[in-house]
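**Q** Chain by chain, the residues run as shown.
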Amino acid sequence: MLFLDKHRPRSLEQLSYHEGLSTRLKALANSGDFPHLLVYGPSGAGKKTRIVATLKELYGPGVEKIKIDARVFQTTTSRKLEFTIVSSLYHLEITPSDVGNYDRVVIQSLLKEVAQTQQVDTAAKQRFKVVIINEADNLSRDAQAALRRTMEKYSPNLRLILIANSTANIIGPIRSRTLLVRVAAPTETEIVGVLKDVAGLEGLKVSEKLFSRIAEESGRNLRKALLMMESVYAANEVVKDDTVLLPPDYEMLIQEIGRDMLASRTPQTILAVRSKLYDLLTHCIPATVILKTLAFKLISEVDDVLKPEVIKWAAFYEHRLHQGSKLIFHLEAFVAKFLRIYEGYLMGMDF
Amino acid sequence: MASFFDMKARRAQAAQQSANAVPSSSKKAKDPNRPVPWVEKYRPKALSEVTAQDHTIDVLKRTLQSSNLPHMLFYGPPGTGKTSTVLALAKELYGPELMKTRVLELNASDERGISIVREKVKNFARINVSQPTPEQRKLYPCPPYKIIILDEADSMTQDAQSALRRTMETYSRITRFCLICNFVTRIIDPLASRCSKFRFKPLEEGSAMERLRDIAETEGVKYDQGVLEKLIAVSDGDLRKAITYLQSATRLHAKVEVTEKKVVDEDEEMVDVEEVKKGVIPATPITVRSIEEIAGVIPEDTMDEIFAACQPRPGHASIYPGLAKVVKELVADGWSAGQILSQLYQKILVDDTILSKHKNDIVLIFSEVDKRLADGSDEQLQILDLCLRIGLILAKP
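Chains V and U supply the protein sequences, listed in that same order.
Positions in the first sequence are counted from 1; adding 18 to them yields the working numbering.
Positions in the second sequence are counted from 1; adding 14 to them yields the working numbering.
The hints are simulated quantities; they were obtained by calculation from the structure and are not laboratory data.
Beta carbons are placed, not taken as given, at the ideal position from N, Cα and C, and that holds for glycine.
It cannot be assumed that every hint is accurate.
The following residues of chain V were derived to be distant from chain U, with all beta-carbon distances above 12 angstroms [what the hints assert, rightly or not]:
(1) V104
(2) R277
(3) I346
Here's a subset of chain U near chain V, in silico, CB distances under 7 angstroms, partners left out [unchecked claim]:
(4) P51
(5) N121
(6) E166
(7) R254
(8) L266
(9) G310
(10) S350
(11) R386
(12) L387
(13) G390
(14) L395
(15) L398
Assemble the whole structure, with the sequences as input and the hints as a guide.
**A** This is the structure in structure tokens:
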């Protein structure tokens, strides 16, 4: 088992940072008047862990017995959709964006079905069921609109917990019906603390300097930090303060691309870079991640004057990635644009 | 029949009736302790209770008396009382009993494709109305038509809307439609022209404040000074938002029973453990800061920090390093990019030290970045781009 799962906190008391938030969640769970929640924050901040802990506070240990169902839904055009639901006696967990554009169908039929059935178990602590919706920011507008009235009408039987990375794509009416809960990423000191705890539990040698380097590298992402720590301990027999942290393979490849681009600015470079980009894409690295990592790698190497320009074009082509359909075009366009700007700058031309 | 048009007499009768029927009504309210969202609890029960839409309510009340209702189209921003108004209207027309059979409410959570309009809506529209019992007639006007409420009509497809056209006319003798939407432009013209339109304007501060104060008083909520003002400010005229925030804040500040971690040393006396359990944090008054936190508003000093990072550095040093750090922290703290955008916009708009021509250019950037964010672009890149470009413009003479 990974450290990540092995040492995941299971109850609200065990959570180590954002104590104010934990007490508030506890207060909500015990008040008997639990609202709909919209939990948002960057990945690896502990959104899911907190929610599962809250559920346990609400219903007791029963929520940990989960089963996985595959349900079939039928759209109006009688297309059949397979959809997986993770559920316990008291809650359901769905990821509607799995079915792409048909998420509305799932929301409409599934949620209504849950909402219209009452809790039969009289021993249950709460009268309502909780439905957790993952990746709520990927829900289509239609699906979100379908949620609106359901949330109000069936509030006795149903509570929703929406999980999102940002609230930018959540429509206003949903935001005004939910309690917004922001889960900020842990600070680097907090990450170091967690790493130390885990290392202590595992009986590993603690090295403060190494941990603070991991925390810095992880970009305040606790999941990433824990995985990095585990891999460091797995790769090296003796871990010292200056043990090399190997970045993931894809980052090394991107770094290589960046180096190529800075070294020579010719059509041949584009050709060489293209094959590497394809390599990354076929390994299912999201294009946004490629572009973002590449841009920040380049920025650390170029002159200050160029930096705003590079960001400008990175932002421009990142937007194009979302609008267009063929990823490689936009990645390559960014590469070509950068070569052009950089060459122009070296030649002393006005770019 | 004589009393049919006499609203006053009928009201008086209704009041008397309900006064007599105290035991039955209290029996009907199932489980009063059941927690209800305040938005539902304080939804206006009668037309006269709807706040701050005087013109619309006036017109509706008059049509109520003439017992002839046109097809209606309600439009306006969220939380201004559109759904509340039509539900209150239906209740005044039919009373709770008859309302179940006379009103069909469809919203975006129901399937509303063209097939539903053709079948469900049409079938309901086609049914003749039943004769109300004399008792019901005494209390309510019970006009001889049904009402179909199409809530959130702007999310209906064009096809479904055009399928409604003829249905609305054919059965107008026995059915009235009420369309509710946020954007009147999304309703196709032929439908819009068949309805009389009612615009719901965003609530003005006075009436929203009054309503909030009423609710806070009824619920016994304690709050600091300036909380209500803050609620109004963050909710931009959306009363539902303000009420939800108020309820959330109340929950957060409610008393908490601290159950200390039971360090159950089985060998020790059990009495000790129980004493530890009794800690209770009493309810605290709601603070302005907690309202901001609930609404996801970024604290003022954080905004100042970003704004300062955008300012040109002395001696033409690059603003990039400082800015990159601030933006990274901001995104890691989970603030939403949309919120950053709108608050930075407000800040720049009212800042007199920025030249008007610069503001012009900056606003253009805001428009572009907002569009990109709406398309789902990466937040960190976009905010960084926005700030860097603002910085460049500010550095210009």
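**Q** Now tell me if each hint is right for this structure.
**A** Verification of the hints:
1. Look at V104 of chain V: its CB is around 23 angstroms from the nearest CB on chain U, clear of 12 angstroms, so calling it non-interface holds up.
2. Against chain U, the non-interface label of R277 of chain V holds: every CB pair exceeds 12 angstroms, the least being about 21 angstroms.
3. At roughly 18 angstroms, the least C-beta separation between I346 of chain V and chain U is larger than 12 angstroms, which holds for a residue marked as non-interface.
4. At about 6 angstroms, the closest approach between the beta carbon of P51 of chain U and any beta carbon in chain V falls short of 7 angstroms, and the interface hint on this residue holds.
5. A hinted interface residue such as N121 of chain U counts as satisfied when its beta carbon comes closer than 7 angstroms to some beta carbon of chain V; here the least separation is about 4 angstroms, so the hint holds.
6. Below 7 angstroms, beta-carbon pairs count as interface contacts, and E166 of chain U has one with chain V at about 6 angstroms; its hint therefore holds.
7. Of the supplied interface hints, the one on R254 of chain U holds, with its beta-carbon coming within about 5 angstroms of a beta-carbon of chain V, less than 7 angstroms.
8. The beta carbon of L266 of chain U comes within 5 angstroms of a beta carbon in chain V, closer than 7 angstroms, and the hint placing it at the interface holds.
9. Among the interface hints, the one on G310 of chain U holds; its C-beta lies about 5 angstroms from the nearest C-beta in chain V, closer than the 7 angstroms criterion.
10. Of the supplied interface hints, the one on S350 of chain U holds, with its beta-carbon coming within about 4 angstroms of a beta-carbon of chain V, less than 7 angstroms.
11. The criterion of a C-beta within 7 angstroms of any C-beta in chain V is met by R386 of chain U, whose closest approach is roughly 4 angstroms, and the hint holds.
12. Interface restraint check for L387 of chain U: the shortest CB-CB distance to chain V comes to about 5 angstroms, inside 7 angstroms, so the restraint holds.
13. A least Cβ separation of about 5 angstroms between G390 of chain U and chain V falls short of the 7 angstroms threshold, and the interface hint therefore holds.
14. Proximity of L395 of chain U to chain V holds as hinted, the smallest CB-CB distance being about 5 angstroms (cut-off 7 angstroms).
15. For L398 of chain U, the interface hint holds, since its Cβ comes within 7 angstroms of a Cβ in chain V; the closest pair sits about 5 angstroms apart.
When held up to the earlier numbered hints, the structure conflicts with none and fits them all.
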